[in-house]
Amino acid sequence: MASFDTARGDPKMYFNFGNVLVFLVLGLGLAGMMLGLGRLLRPANPLAQKLATYECGELPTGHAWINFNIRFYLIALVFLIFDVELAFMYPVIVVFRDAVLAGHGIAAFAKILLFVGVLAIGLVVVWAKGDLEWVKRLPVEAESDVREAA
Amino acid sequence: MKDLVLSLIAEGGALAGVPFSLAAPLVMVAFGALVVFGFVLPIAGITSWLERRVWARIQSRIGPNRVGPQGFLQWLADGLKNLLKEDIIPSAADKWLFSLAPYLVVVGFIATFAAVPFTSSLIIADLNIGILYITAVTGIVVVGVLMAGWSSNNKWSLLGGIRSAAQIVSYEIPAGLSVFPIVLLTGTLSMQGIIRAQGWAPWDWFFFYNPFTFAAFFVFFVAALAEGNRTPFDIPEAESELVAGFCTEYSGMRYLLFFLEEWGNLYVIGAIVTTLFLGGWQVPAFTDNPMLLAVAQFGTFFLKAYFFVFVAMWVRATLPRVRVDQLMTVCWKYMVPIAIVNMLGTAAWMLFVPETLGRLVQFGMTGLGAVVVVVFFRRVRFHLRRANLKPSDYYYSPII
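Going down the list, the sequences are from chains A and B. Everything in the first sequence is counted per numbering that gives the first Met the number 0, starting at 0 for the first residue and increasing by one. Everything in the second sequence is counted per numbering that gives the first Met the number 0, starting at 0 for the first residue and increasing by one.
If you're looking for bench data, these hints aren't it; they were derived computationally from the structure. Beta carbons are placed, not taken as given, at the ideal position from N, Cα and C, and that holds for glycine. Treat the hints with caution; some may be incorrect.
Pairs of lysine to any residue, SDA-like flavour, derived with a Cα cap of 25 angstroms [as the list claims (entries may be wrong)]:
hint	chain 1	residue 1	chain 2	residue 2
1	B	Lys332	B	Thr230
2	B	Lys332	A	Val124
3	B	Lys80	B	Arg322
4	B	Lys332	A	Val123
5	A	Lys110	B	Phe351
6	B	Lys84	A	Ala51
7	B	Lys94	A	Pro42
8	A	Lys49	B	Met349
9	A	Lys135	B	Glu240
10	A	Lys49	B	Tyr102
11	B	Lys332	A	Pro42
12	B	Lys332	A	Arg70
13	A	Lys49	A	Gly35
14	B	Lys80	A	Gly35
15	B	Lys94	A	Arg41
16	A	Lys128	B	Val340
17	B	Lys154	A	Leu73
18	B	Lys84	A	Ala43
19	A	Lys49	A	Thr60
20	B	Lys94	A	Leu58
21	B	Lys332	B	Phe217
22	B	Lys94	A	Val124
23	B	Lys332	B	Arg322
24	B	Lys332	A	Ala119
25	A	Lys128	A	Leu112
26	A	Lys128	A	Val83
27	B	Lys84	A	Leu58
28	A	Lys128	B	Pro210
29	B	Lys94	A	Gly61
30	A	Lys110	B	Met349
31	A	Lys110	B	Pro210
32	B	Lys84	A	Gly35
33	B	Lys154	A	Ile69
34	B	Lys84	A	Pro45
35	B	Lys84	B	Leu241
Coverage of chain B stretches by chain A, computed from C-beta distances (three or more under 8 angstroms per stretch; other residues unrestricted) [unchecked claim]:
hint	region
36	107 to 117
37	247 to 258
38	276 to 288
39	337 to 349
With these hints in hand, go ahead and build the complete structure from the sequences.
Here you go:
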């Protein structure tokens with residue numbers, strides 16, 4: 000707990016996060032300055048052909064705002080679960096050392112093990128269900144494989 | 000840094016008489032601008048030039064050598080050229096998102112430098128959640144990349160954008176999990192706190208602390224390369240299959256901003272790895288002079304961090320690109336389980352391994368590391384000697 004207690008109510012913390020704000024503004028300012036400076040110097044001569052979408056020199060057909068593969072959605076779902084796990088683990092991980100020093104490390108370790116264990120089971124289930132496979136086979140192919148094997 | 004502000008506005012300071020509420024923002028902006036314009040931009044630019052020279056050397060080419068000594072000013076020439084190039088926004092694109100994407104990428108990358116340490120006393124903001132903050136703000140870059148890919152309304156860009164999103168979010172898991180062993184050992188998320196928990200000697204680094212942190216280092220570095228869209232994980236911009244991936248439609252300065260992020264991000268990766276695993280700026284206390292000590296610390300940290308930038312260049316010049324399915328398999332079926340084992344293993348190590356045994360393991364692993372380095376350099380010497388041929392062996396001459 001010590002590492003968090005020292006931070007609480009510390010005016011230095013606001014000062015530090017003020018610096019973060021300064022850096023966010025500086026980042027915006029840097030990109031804005033580079034683009035703004037360029038605006039004064041560069042030519043602007045738009046033509047319909049120049050503004051056409053690049054498709055290797057051919058005339059572009061249709062637009063690109065189309066449905067994309069469901070695999071990306073599955074990966075995003077799995078990621079979401081594990082990322083939430085990461086967020087939940089941070090506080091426990093930070094105080095684990097203090098727990099060990101205070102002598103109840105075994106209990107803390109058991110709790111971490113329980114939490115990570117549930118997620119590991121989740122990973123195993125996703126793995127076994129084939130959702131981590133990038134190359135998916137059509138159900139027809141999989142069936143014919145079963146028939147051949149039998 | 001607050002002490003610095005107080006000393007400046009104190010009696011006889013440069014800002015004497017200015018109230019704190021005015022002096023503090025002034026000093027913050029001044030220091031921030033110094034770091035961004037005096038360190039981040041030159042580092043990103045020089046890395047771009049050095050990278051091309053290193054690849055050329057590895058691949059027996061010459062590389063840029065015309066602008067300035069050894070082509071050193073190439074990065075300035077490139078920047079100037081891109082500044083003067085026409086800015087094209089395709090008529091089919093979503094103009095707002097298309098223009099916003101480079102801003103997000105640059106902001107996400109510049110903001111990490113607020114928590115990157117330089118020496119024991121020089122860090123812009125020693126946040127109490129430093130490493131978590133860095134992991135979080137690098138996430139803004141993903142949004143920018145995905146936004147660029149989607150808003151371009153180009154099939155190449157879309158493919159690059161969604162590939163990039165899938166890749167970066169996947170590799171965030173092993174990278175995040177590999178931070179945990181170190182946080183378990185130190186009990187703090189502050190970058191300076193993590194460095195202070197290590198020592199200057201290699202056996203006091205977390206790299207050699209136990210087998211689990213040793214493995215965590217490799218998982219973290221590979222995941223960081225993948226998050227930075229670096230070869231062998233550069234499938235989002237795979238130039239031989241997707242033209243330029245998510246930045247196909249970008250030109251001039253906007254295009255350059257994406258690459259500014261990529262090269263600058265290499266240094267961030269190096270700095271994080273150095274902080275977490277390699278003892279950061281720790282140097283032996285060889286002098287009482289604080290100025291000299293600060294210079295030594297800065298040099299140590301910079302050399303360690305830049306070594307990893309060099310390794311990333313080396314990897315890029317050597318390895319071919321992986322396929323999408325291989326990329327996902329490596330992440331979810333190998334690196335995530337290994338990272339989980341590393342975390343649990345380190346926690347168990349803290350509980351069950353007595354201190355003397357742990358100390359012995361540290362020395363043993365350092366010794367093993369030294370042996371590997373020696374074997375590596377003997378191998379390099381062997382190849383150098385073997386390649387040391389007479390000019391007649393490699394120049395074509397019709398007489399011989």
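message: What's the verdict on Lys49/A and Gly35/A, does the C-alpha distance respect the 25 angstroms limit or exceed it?
response: 22 angstroms, holds
- prompt: Does Lys84/B pair with Ala51/A here, judged by a C-alpha cut-off of 25 angstroms?
  reply: Distance ~18 angstroms between Lys84/B and Ala51/A Cα, so the pair holds.
- prompt: Taking only the CA atoms, is the gap from Lys110/A to Pro210/B under or equal to 25 angstroms?
  reply: 23 angstroms, holds
- request: Establish whether the coverage given for the region 107 to 117 of chain B by chain A is satisfied; the threshold is a Cβ-Cβ distance below 8 angstroms, and no fewer than three residues must meet it.
  value: Held - the region 107 to 117 of chain B has 7 residues with a Cβ nearer than 8 angstroms to chain A, which meets the minimum of three.
- prompt: Between Lys84/B and Pro45/A, does the CA-CA distance stay at or below 25 angstroms?
  reply: The hint holds at about 13 angstroms.
message: Lys49/A and Met349/B were given as a pair; does the straight-line alpha-carbon distance stay at or below 25 angstroms?
response: 62 angstroms, violated
task: Would you check the hint for Lys332/B and Phe217/B, treating anything up to 25 angstroms between C-alpha atoms as holding?
output: The hint holds at about 16 angstroms.
- prompt: Holds or violated: are the alpha carbons of Lys110/A and Phe351/B at most 25 angstroms from each other?
  reply: Holds: Lys110/A and Phe351/B sit about 16 angstroms apart, inside 25 angstroms.
- prompt: Are there three or more residues in the region 337 to 349 of chain B whose C-beta lies closer than 8 angstroms to some C-beta of chain A?
  reply: This one holds; 6 residues, not fewer than the three required, reach chain A with a Cβ under 8 angstroms.
query: Within 25 angstroms, alpha carbon to alpha carbon, are Lys80/B and Gly35/A?
result: 15 angstroms, holds
message: Can you confirm whether the C-alpha distance between Lys128/A and Leu112/A stays at or below 25 angstroms?
response: The hint holds at about 24 angstroms.
message: Between the alpha carbons of Lys80/B and Arg322/B, is the straight-line distance 25 angstroms or under?
response: Roughly 34 angstroms between the alpha carbons, so the hint for Lys80/B and Arg322/B is violated.
Hint compliance for this structure: hints 3, 8, 11, 22, 28 and 38 are broken, all remaining hints hold.
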